[in-house]
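Engineer: Quick note on my numbering: the sequence shown kicks off at 1 and runs consecutively.
These aren't lab readings, by the way, just hints derived from the structure by calculation.
Don't take each hint at face value.
Claimed, not checked - If you anchor each label on the Cβ, the simulated ranges turn out as follows:
id, residue 1, residue 2, range
1, 155, 526, 25 to 33 Å
2, 494, 198, 39 to 47 Å
3, 408, 205, 47 to 55 Å
4, 130, 468, 37 to 45 Å
5, 124, 397, 25 to 33 Å
6, 244, 389, 22 to 30 Å
7, 526, 382, 27 to 35 Å
8, 283, 122, 16 to 24 Å
9, 397, 130, 21 to 29 Å
10, 492, 339, 36 to 44 Å
11, 216, 155, 24 to 32 Å
Please read these numbers as outputs of a predicted model, since none were measured by experiment.
Cβ coordinates follow ideal geometry from the N, Cα and C atoms, glycine included.
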Amino acid sequence: MDKHLLRRGMRREASSPVPTQPPNDTSPTSTVITIGPNDAQATSAIPASSTQPSPTFSDNRDAVLDHGNKISFWGTLSNRMIGLLMLVTLLSVFFLLRYFHFTEQFSGFPIPSGSSDGPLRHPSVQAPIIQTKQDRQRAEHIRDAVRHAWKGYTTVAFGADEVLPVTNVSHSHWGGYGVSLIDALDTLWFLGFKEEFHQALGHVHRLDFSQFGTPRLSFFETVIRTIGGLLSTYEITNDRTVLQKALQMADILEPAMNNSLGFPYHDVNPVTGEGTNPSWNGERFILSEVATFQLEYAKLSRHSGNPKYHDAAQAVMNTLYTQKPPIPGLYPISIDMTGAYAKDAVSFGANGDSFYEYLLKRYILTDRTEPMFKDMYIEAIEAMTKHLIHPVIYHEDMVYVGELGPMNDEQTSFHTLACFVPGMLALGSKVLNRPDDLLLAEKMVNACVHVAKSSKSGLAYDAVRFGTYDDYRSNLDVFPERAETLKTRGFVATSVEHILRPEIVESLFILYRITGNRRYQEHGWEIFQSLEKYAKTPVAYSALRNVDSIEDISGNWSNSMESFFLAETMKYLYLLFADPKLISLDHYVFNTEAHPLKIMHSSH
């Protein structure tokens, strides 16, 4: 497996209409709401054309009466002007209806048609929080860090996928059209970098995705980074060109689903349309990849009026819903070409993670109108709690989510990718009124923070193996140092690198917004300070080879800054200290690349 693919998800049109409900009669039904016109109502970043005021006439009636011979003239002129204005108004309405006509000719899939603005329809998810002076100061420090990284990218790599932050050169392996730029657009906007935002937006306007001759496009990564970033930007700006770019990319990816299941292949050749699955996975489908486009494709249909995007994503979920896994709620990470689950691991880390994340978030995105997603999420969380949650030895306030092996044997390996789970649990606890899930989330995020604090740099190991009390006892006489490590840490590191991942700060952000507990801010601030000390290069920020190697800081840089650093890690850090009304969890849901999408509230 390519190392860069090990991240959230990897780490991480149907030809005929597909029913939005599972085919059996016992499945939950989704509310069917007719699609309406685009509801993006954020303040536009693109200045709208101003409306010219209607001609006005003198209100001096005495002067008019003194010139009786002019009354007829003014009356005639007034009538003509009124008639002209009515004609202009009717023509304007006509052309607007023509412009939006395509949004009215499709209906029948559960995409609520309202906007995110207005009074809350559900109890608030966020705790009442007041931003302090210290919060503002820390937020400004994080803005400075983003400014530094963005300057490094734009100076030598503007329009390329990434900047290499040590050698200071551009690098492209995601398509070569500027993935870091698109991924960072909404970060720039929400952090107040309006000039930089508009500069980047100009690049997007000039893009034609059909002109990029990359041999392969990752379906998963392109959806969450490129389409997700463009959709979020469209909802900020209401810029139709941005939406058209997102739709163009989705149409380029469409052949990835040309198979009997309608599941997206791992990657697709944008020229030939050939889709393939990775040989390292036995050419099978990967769970997180086939089920992590439900948010983005629901939004594509919502904004375009074309149901094919929604229907393609829904068809996958219908299949997964009806094809029950061996342990209900826990889905093996590999699926063969017949749709059967392979004898493979169950994981909330790499290859499984965002599948579970999107069960909850799709339910939230469509205003809690699709019970199938809620039911699948609850079943998964209850199975996870029963089979995968383990205590961290000698740390009573910590638990972690383990894995199941191919034979359903319990595994104590843990990848920090799974540190998104506490945030997911906390969000679900409020949305679904499951208070015990919040308690579990708090213990789980304690373990994630512990993995970071245990390193010499204060940045998390990429992967660890948690110990058991039996491990401790068996090592006590033979390997006393190892036994002592297990007692103080509760784990041994199995991968010491750090690639600037966002999952820990993501959960800290969500837990802070939900509980108001400022200790989550403190944990986040400590991580930011460690990034400043050990990962900041003269150009940008770099991944680390070894989080315990702190003597030669520059020698420890691995010369990589993936696009998710600006899209996710820095955004979540900033939001920890920003005004809590900014991207409120009551109005937005984040895709797995931290692109905020407006909740599509149902019409009243």
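Engineer: Next, verify each hint and record whether it holds.
Structural biologist: Cross-check of the supplied hints:
| no. | hint | verdict |
| --- | --- | --- |
| 1 | 155 - 526: 25 to 33 Å | 30 Å, holds |
| 2 | 494 - 198: 39 to 47 Å | 45 Å, holds |
| 3 | 408 - 205: 47 to 55 Å | 51 Å, holds |
| 4 | 130 - 468: 37 to 45 Å | 44 Å, holds |
| 5 | 124 - 397: 25 to 33 Å | 27 Å, holds |
| 6 | 244 - 389: 22 to 30 Å | 45 Å, violated |
| 7 | 526 - 382: 27 to 35 Å | 33 Å, holds |
| 8 | 283 - 122: 16 to 24 Å | 43 Å, violated |
| 9 | 397 - 130: 21 to 29 Å | 27 Å, holds |
| 10 | 492 - 339: 36 to 44 Å | 38 Å, holds |
| 11 | 216 - 155: 24 to 32 Å | 29 Å, holds |
Comparing the model with each earlier hint shows violations of hints 6, 8; every other hint is respected.
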